[in-house]
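2 protein chains.
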Amino acid sequence: MTSAADVLAQLRDALGERVDTSPAALSAARADKSGHAAPGAPLAVVHAASVADVQAVLRIAHESATPVVTRGAGTGLAGGANTGSGEIALSVRRMDRILEVRPDDLLAVVEPGIINADLNAALAAQGLWWAPDPASRAISTVGGNIATGAGGLLCAKYGVVRDAVLALDVVLADGRLLHLGHRTVKGVSGYDLTSLLIGSEGTLGVVVGATLKLRRLVPGQICTIAATFADVRAAAVASSAVTAAGLQPSIMELMDAASLAAVHALLALDPPTAGAAQLTVQTDGAAATADADAIADVLRAAGGAVAVTHDRAEGERLLTIRRSMHPAMETLGTTLIEDVAVPRSALPEMFDEIARIERAYGLVIPTVAHAGDGNLHPNFVFEPSAGAGADGAVPDEIWDAAGELFRAALRLGGTLTGEHGVGVLKRRWLADELGDDQWALQRGIKSLFDPTGVLNPGKVFAP
Amino acid sequence: MTSAADVLAQLRDALGERVDTSPAALSAARADKSGHAAPGAPLAVVHAASVADVQAVLRIAHESATPVVTRGAGTGLAGGANTGSGEIALSVRRMDRILEVRPDDLLAVVEPGIINADLNAALAAQGLWWAPDPASRAISTVGGNIATGAGGLLCAKYGVVRDAVLALDVVLADGRLLHLGHRTVKGVSGYDLTSLLIGSEGTLGVVVGATLKLRRLVPGQICTIAATFADVRAAAVASSAVTAAGLQPSIMELMDAASLAAVHALLALDPPTAGAAQLTVQTDGAAATADADAIADVLRAAGGAVAVTHDRAEGERLLTIRRSMHPAMETLGTTLIEDVAVPRSALPEMFDEIARIERAYGLVIPTVAHAGDGNLHPNFVFEPSAGAGADGAVPDEIWDAAGELFRAALRLGGTLTGEHGVGVLKRRWLADELGDDQWALQRGIKSLFDPTGVLNPGKVFAP
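In the order they appear, the protein sequences are chains A and B. Residues 1 to 463 in the UniProt record's numbering are what the first sequence lists, from first letter to last. Residues 1 to 463 in the UniProt record's numbering are what the second sequence lists, from first letter to last.
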């Protein structure tokens, strides 16, 4: 083993001022937006500016068996990029160039550190977009979106990250550079390592470049529907009815009463009707108006009070309420944001389970859902306990309640995590979902890519 | 090593009459639709009727180190399922049940042996479809589509197999059963082994069940455009112009003069204009008519003689010409059907390369292309050489020409195989595309899943 001081000296030799050991940088690298922070501070933050920088860091790390945690903008919600004692935080945030845009081939080649919204602003000027739109799109990087396999509001209609990446340039644990995937829209030469890397949370390699599959901006109107229901179960039944009716909104978001109350308070709006839940639905494309009318009919038949607008600004205002959920939760205390997904028909039952857990644990669990794809974000809000340190430790009782939530989702045919990833926060439940055989096989893949275990150790797989 | 006789006895003990050693079955298992056949005949064909049957075969194979080649309907085009001397042909063709259809969750659970068209006929009754539509859909199985990562005519708009599978049940080399993936439309718990298995051509496991992502049948009109161009390059330029104009047909097929001539002869139609090439384009959905008009304008501006029909039967008649390509080639001699793909903007250059190879080798290479996604099928037609046996050996000169084709595709940013797979026929070029490091890593994955090497040995990776 090389000493930490030797590793630091080697990094400084190779990377000069891009090695940052300022207390502010080290402290920031411990945390993401999950509220969780790694114990201890990393050895250094390296602000990589090039593929060669990333390779240099990995070579030093591999030789010295020093853990490396790749970071983008630090907006993760599962602790996947949190960097702790003895580890190198490898930031690719400064690698933020758009290297190529090809409208004729509907692709773009980008570096991983570019912010999702910045990329989309540049693409919009050419009539193009990259569809993945996590709620964090204004602050999260494309590389982070890829590392977590992010979803978003539009993905029931326009797909998730996995549907929108053609090829990846990846630096392996030992510093070698691989080009995975294709520039073509079809390609079956060998195993699909591009998909394997997407959502691998920095445990298999470091994404240093991405060839993205673009779409044309959708022409035509955008219609927005706001529908209020007496309670969250009624809203969930209504959203399932939309899917079952064969209608495809571009966005269908559900907010329960506690979520609405918190956001209305944050935005200084009139308080919402007590107990009421809301669906916010958008349609787009050539059939936007007809689709909106048909969806409005389904929602009314399901008991909703429905308003339709064809005004884009009013539509954006309605969606702002949904997009303000995360900041609203931050005003309430420390929050554990969960991310279960269930088949769409099971949404009402999943809300029943959440209500049961609220009663059993004496909790309020404000919940929003991407109802169009069955992905729920229950928010466990708690006071940091007296004993908890800066790592934002979640009280055991909250974990017990979250464990019940996970088991309920699995019982309903669902998953622990629809779009946030496993990170550190869900790793102890992963084997429950995968089964021991698959869990062991996945660990085998991890060992194959990273035989010395330097890439984000302790994440995804519980030690 | 257990003797072949012992293995056969164990199979008969476990599987009784489902073990087939009739000469006809053994002979059929040697070949697929590529024209290539494995040397020698397999030990036996096992007609698995259940997951337990597949597990029993794998356990016996694993214990005795006997190779197993999984087969569906034998319609592959790369020799991937060809079963040779000393190997077990494991047919899952009889496992053809639809286990579940959930219109509300837009999913179906099926066994692997069901024919694509049979599944879609059953789904259509509920207003649903599974989008992948390889040209072989009337004769190929869903399991085979998954094993090759098949594409088809509609995939520029509606995606390939990888976009249409949520979860897989897979029997590993040692007989254990794994459940990969999710019933939910989103899910990022651990590595995406579902995508890894798709297109793995029987080398990582045996797919015994699939949870498919369905779509609603697209309402509205279907418009079909037939556009004739003076030569194939003009047709390719025109198809690239359609993509570059931001228009999205559901189908855009290109046929060169030699292809048209062969199909017209097969179908006893009037001979086509000498040298002329054709684009057959379809649009669907709410904007079908407007899209068709816009595409027709682009094609006319590119020099095409354009006819548009809104009649579905006439549209099907036009597409029948395209779908008759494979039988038409079979009338010409033995055919090596290639499957390169390039970025869509590179289609004209790729046709230039094909013309250059035709001149250099004194060949005619009838070529069709899924022009909407840049996937070309050049057909190398040859007389079986005097020396070639029943394995349909391709003459060296043809392989030399194919090698030039592959290198040209790679130079243009393309791939060896867009949708047919590597099988035996393209394995010697795979490392050229992947690079040695990635090729070795992929072999490592193969060894992890199949440490004793019993699953389809010699396929995908050259020995």
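These are computed hints drawn from the structure, not numbers from a lab. Hints may be right or wrong, so weigh each one.
[As the list claims (entries may be wrong)] Subject to a maximum C-alpha distance of 25 Å in a straight line, what follows is the list of computed BS3-like cross-link-like pairs (lysine-lysine):
1. A:LYS157 - A:LYS213
2. B:LYS213 - A:LYS157
3. B:LYS213 - A:LYS213
4. A:LYS157 - B:LYS157
5. A:LYS213 - B:LYS157
6. B:LYS213 - B:LYS157
Verification of the supplied hints:
no. : hint                : verdict
1   : A:LYS157 - A:LYS213 : holds, 15 Å
2   : B:LYS213 - A:LYS157 : holds, 13 Å
3   : B:LYS213 - A:LYS213 : holds, 20 Å
4   : A:LYS157 - B:LYS157 : holds, 13 Å
5   : A:LYS213 - B:LYS157 : holds, 13 Å
6   : B:LYS213 - B:LYS157 : holds, 15 Å
In the structure shown, no violation is registered for any of the earlier numbered hints.
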